[in-house]
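Chains as they are written, first to last, in this note's numbering: chain A, 1 to 116; chain B, 1 to 111.
Just so you know, the hints here were simulated from the structure itself, not pulled from any lab data. Just so you know, even glycine gets a beta-carbon here, dropped at the ideal spot from N, CA and C. A hint or two may mislead.
[Said to hold, decoys possible] Coverage of chain A stretches by chain B, computed from C-beta distances (three or more under 8 Å per stretch; other residues unrestricted):
1. 43 to 53
2. 88 to 95
3. 107 to 113
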Amino acid sequence: GAVVSQHPSWVICKSGTSVKIECRSLDFQATTMFWYRQFPKQSLMLMATSNEGSKATYEQGVEKDKFLINHASLTLSTLTVTSAHPEDSSFYICSAAGDTWNTEAFFGQGTRLTVV
Amino acid sequence: SQQGEEDPQALSIQEGENATMNCSYKTSINNLQWYRQNSGRGLVHLILIRSNEREKHSGRLRVTLDTSKKSSSLLITASRAADTASYFCATEKAAGNKLTFGGGTRVLVKP
């Protein structure tokens, strides 16, 4: 299957700083990427849909000024958590979609963010 | 918002036994997917079943889909300790791979 690489796999940052997470599709062009967040022992919740060359679409309740998404190319989307606080500590995971539908989604390995 | 609900939330079985978990959803779908997640790790895709399919198999996994009841089940036969993980169903409502995840079932397989 297609490979999606997410980096870093874990990061610890100080409260008030910003953290950037990268999601790359390695062997296909991803017109759309999705960013999910997962709190401990909970399910994955969609945060936003990232479309190449256009603004991201955020789910209700997700602050777009806090979670900046950039999808500058067909192989890279970035999520920047700005002014991070301890409550932003979570597991962030991306998935990428190509041009076909009704097929499996390809997920990155996830990023464990801890804000201290 | 969560579309899928899974039950049970947690399941503890002995190695060799079968494990069954269920997923219900609310709206029409293109497909339903099952994923496994080991603690603190990424997602592993298990099976995708399309809305016009009723049953699929993959190794020790069997998935059923009943669109009239808006429900799906995942059966793991002859479970192994390595099957210990959380299992999530996810539905794709429209084209584009946007998924809505269920709450997950935590499975513990005791050796």
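- [ ] Quick one: which hint numbers does this structure break? Sort them smallest to largest.
- [x] none
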